[in-house]
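*Asks:* Make the full structure from the sequences, and use the hints.
One line per chain: the protein sequences are D and V, in this order. Going by the numbering used here, the letters in the first sequence line up with residues 10 to 348, in that order. Going by the numbering used here, the letters in the second sequence line up with residues 517 to 896, in that order.
Note that these hints are calculated values from the structure, not bench results. One should not assume that every hint holds.
A few chain V positions that, by computed beta-carbon distances, are all more than 10 Å from chain D [said to hold, decoys possible]: (1) Pro609; (2) Asp679; (3) Ser761; (4) Ile783; (5) Ile818; (6) Ala877.
With a straight-line Cα cutoff of 30 Å, these simulated BS3-like cross-link-like pairs (lysine-lysine) come out [said to hold, decoys possible]: (7) V:Lys737 <-> V:Lys727; (8) D:Lys326 <-> D:Lys204; (9) V:Lys797 <-> V:Lys727; (10) D:Lys132 <-> V:Lys676; (11) V:Lys631 <-> D:Lys124; (12) V:Lys631 <-> D:Lys132; (13) D:Lys204 <-> D:Lys238; (14) V:Lys676 <-> D:Lys124; (15) V:Lys815 <-> V:Lys797; (16) V:Lys737 <-> V:Lys797; (17) D:Lys276 <-> D:Lys238; (18) D:Lys238 <-> D:Lys326.
Keep in mind the model is a prediction, meaning the values are calculated, not measured. Even glycine gets a Cβ: it sits at the ideal position worked out from N, Cα and C.
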Amino acid sequence: MSPQQTLETGTGVRAPENLTLAAALNAAIRDAMVDDPTVVLFGEDVGPLGGVFRVTDGLYAEFGETRVSDSPLAEAGIVGTAIGMAMYGLRPVVEMQFDAFSYPAFQQIVSHVAKMRNRTRGKVSLPIVIRIPYAGDIGGVEHHSDSSEAYWTATPGLTVVSPSNPADAYSMLREAIASDDPVIFMEPKSRYWSKASLALPVQTEPLNRAVVLREGSDVTLIAYGPTVKTALATAEQGLAEGLSIEVIDLRTLSPFDDETVGASVRKTGRAAIVHEAAQFGGYGAEVAARLTERNFFYLAAPILRITGFDIPYPSPKLEEYFLPTPDRILAALSTWEWS
Amino acid sequence: MSLNVESTPLTAVLAPPPLRLIDDSGNAVLDSESGGFVLPPIETLLGLYRQMVVARRFDVQVTALTRQGRLATYPSALGQEACEIAAVAALAPQDWLFPTYRDSIALLARGVEPKDILASFRGDWHSGYDYQQHRIAPQATPLATQALHAVGLATAAKLKRDDTVALTLLGDGATSEGDAHEAFNFAAVWQAPVVFVVQNNQFAISVPLDKQMACRTIADKAIGYGMPGFYVDGNDAAAMYAVVSAAVDRARNGGGPTLIEGLTYRIEAHTNSDDPTRYRKTADVDLWRSRDPIERLEKYLIAQGALSNDERADIAAAAETLAATTRECMTEQAVVDPLELFEHVYATPRTALAEQRAFLAAELDGDAEASAGENEKSTR
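*Replies:* Pasting the structure below:
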């Protein structure tokens with residue numbers, strides 16, 4: 010796992026406890042609100058209910074209506090008003106309840122959140138964190154399992170991140186809230202209940218750095234968010250088949266850490282990217298293209314994408330056929346010529 | 517095809533007369549018809565008049581410069597001076613303005629220099645003035661999006677217990693956008709200290725208001741959000757100033773948002789690339805020219821003995837000076853720096869952008885070898 014150290018903050022260092030990814034996010038928001046009175050939180054059901062995934066549990070009770078509030082049910086309104094608040098010196102953390110429910114906010118995010126700093130020649134920064142629970146594997150009905158990351162990574166001006174484990178969830182959210190750049194914070198729903206023992210506050214690698222989670226010599230397997238677990242399982246299974254797989258957790262999708270990923274690819278000479286989103290025009294296309302452009306002469310084989318199919322996300326009884334699995338990934342890797 | 521061919525829309529047919537304090541002939545209306553609003557003091561009206569005259573001269577000058585090719589585009593506010601100037605005049609220095617692309621003269625009235633207003637229309641950069649100094653957000657192009665920003669800023673001010681009010685300008689077409697609805701609703705639910713001033717200039721580029729909505733007035737919509745709404749003669753600067761001032765005071769004193777519709781007319785084309793003869797009659801334009809907001813206030817001030825010939829000459833001279841300044845600054849060649857393209861996108865520097873900046877710098881140097889070398893290195 011990524012190197013960890015504990016942070017000295019106004020919230021103090023606490024004894025290690027077994028925390029879910031959702032609880033780590035909750036602690037990150039709470040600690041940020043304690044440390045910085047300009048941090049405010051609002052969105053749909055984030056108040057007394059504590060969010061539909063309980064990520065904001067207890068914050069309304071602790072900080073009150075002025076800093077934690079339920080908004081009207083309107084995503085453009087949530088992001089649009091967050092922009093105005095940020096212009097007045099607040100640091101809003103807002104929630105889009107589910108990936109596909111962020112689309113009404115698309116214009117506010119793409120036309121204003123992403124462009125305001127550039128438009129104003131750096132005079133108006135928008136330190137906004139837009140939390141988006143995303144991806145599938147939770148048996149969700151339609152519109153509750155989209156992987157919408159490529160819409161955001163295709164937009165200059167946005168920083169797009171996705172933690173895969175509780176330690177990163179805490180550390181990356183703290184850093185996102187402290188950042189003067191707007192951050193699209195994509196939370197893998199299927200990993201909300203994964204657990205780790207953490208002594209908070211914990212600090213992992215900085216944002217914008219990918220991490221080699223498991224070293225290997227034959228293949229670089231690149232994953233992020235929900236597919237990191239899949240990639241690690243693939244590496245374990247691959248070992249039994251005599252394949253040494255290096256697993257990279259990108260953590261930050263935009264910007265892309267060319268240095269870390271490039272070094273791994275130059276070492277192994279083979280790379281594959283795994284994501285849940287559809288393949289065509291997906292994030293993996295950018296990864297494959299830029300790694301090829303920069304490392305072509307080190308590559309022994311074309312870079313592969315093991316992704317969701319080019320179809321809308323399926324209904325619960327069919328999602329197992331859609332999601333990349335270790336078997337499907339290993340089968341894809343076996344299509345390469347191995348000398 | 518129109519969806520309402522068979523039925524007559526309620527718009528205009530059932531609309532009540534708009535609230536006014538000075539009528540078309542320049543006479544004060546009876547107290548019984550003034551909706552409880554009183555005429556602003558004569559010095560205030562004189563100030564509005566001066567700013568409206570100067571603003572129109574600016575607008576005419578910029579339209580001329582645009583026709584000469586000095587600017588990429590310019591959306592004129594000719595005929596809408598009462599709405600624009602009165603809205604800004606009602607604000608205190610700490611208040612914020614959230615304008616659209618059509619509201620350049622509102623920026624002028626709030627003290628922004630012509631060269632800074634026009635930087636975006638000339639194409640130097642996407643926006644060009646000091647937002648914090650003037651308390652004016654960048655002029656919004658996507659319709660109604662800025663209304664939500666105003667609500668957010670006003671709410672932040674309320675949370676910080678500041679006495680700041682946010683005022684946003686919108687057009688009639690923008691009220692069809694979902695963001696307008698969300699802004700009205702958020703403002704009312706949060707009781708945000710915000711004022712929505714909708715300039716109903718009757719056209720969204722070419723589409724008339726009765727194809728945007730089927731209710732009597734835009735102001736009527738306020739009741740659905742639980743806030744006061746006022747339907748005002750947008751060519752009556754006195755009425756616009758009185759109503760907007762009351763709304764600003766109300767917001768400042770914790771009374772929440774207000775929706776104000778100013779009924780006016782867009783005399784010019786949408787922009788220089790529009791041809792309004794395709795969708796409206798010259799006779800209609802002429803009718804609205806005869807309802808000119810500046811002439812109306814001028815008649816009133818003269819009748820009150822408040823506007824001497826000397827004063828008029830002084831205002832005209834100020835307007836000409838500004839026009840000359842505007843011409844001069846737009847005649848100068850814009851200085852743009854291609855490498856600035858990369859400077860402001862992120863607060864946190866990015867390696868990929870530094871590489872692209874270096875690429876462009878090398879290209880600018882005409883150093884083909886260096887450029888090719890960079891590419892070769894990056895693919896190795």
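*Asks:* Confirm or reject each hint.
*Replies:* Evaluated hints:
1. Pro609: Given that every Cβ of chain D is farther than 10 Å from that of proline 609 of chain V, nearest at about 16 Å, it holds.
2. Asp679: Non-interface label on aspartate 679 of chain V holds, nearest chain D Cβ at 13 Å vs cutoff 10 Å.
3. Ser761: Per Cβ check, serine 761 of chain V is outside 10 Å of chain D; nearest 22 Å; holds.
4. Ile783: Isoleucine 783 of chain V clear of chain D: closest Cβ-Cβ about 29 Å, beyond 10 Å.
5. Ile818: For isoleucine 818 of chain V, whose nearest Cβ neighbour in chain D is about 42 Å away, the distance exceeds 10 Å, so it holds.
6. Ala877: Its Cβ never comes within 10 Å of chain D, the nearest being 19 Å, so this holds.
7. V:Lys737 <-> V:Lys727: holds (16 Å)
8. D:Lys326 <-> D:Lys204: holds (26 Å)
9. V:Lys797 <-> V:Lys727: holds (17 Å)
10. D:Lys132 <-> V:Lys676: Holds, at about 21 Å.
11. V:Lys631 <-> D:Lys124: holds (22 Å)
12. V:Lys631 <-> D:Lys132: holds (18 Å)
13. D:Lys204 <-> D:Lys238: holds (12 Å)
14. V:Lys676 <-> D:Lys124: Roughly 26 Å separates the two Cα atoms, so the pair holds.
15. V:Lys815 <-> V:Lys797: Roughly 27 Å between the alpha carbons, so the hint for lysine 815 of chain V and lysine 797 of chain V holds.
16. V:Lys737 <-> V:Lys797: Since the Cα atoms of lysine 737 of chain V and lysine 797 of chain V sit roughly 29 Å apart, the hinted pair holds (cutoff 30 Å).
17. D:Lys276 <-> D:Lys238: holds (23 Å)
18. D:Lys238 <-> D:Lys326: holds (21 Å)
Of the hints listed earlier, there is not a single one the structure fails to meet.
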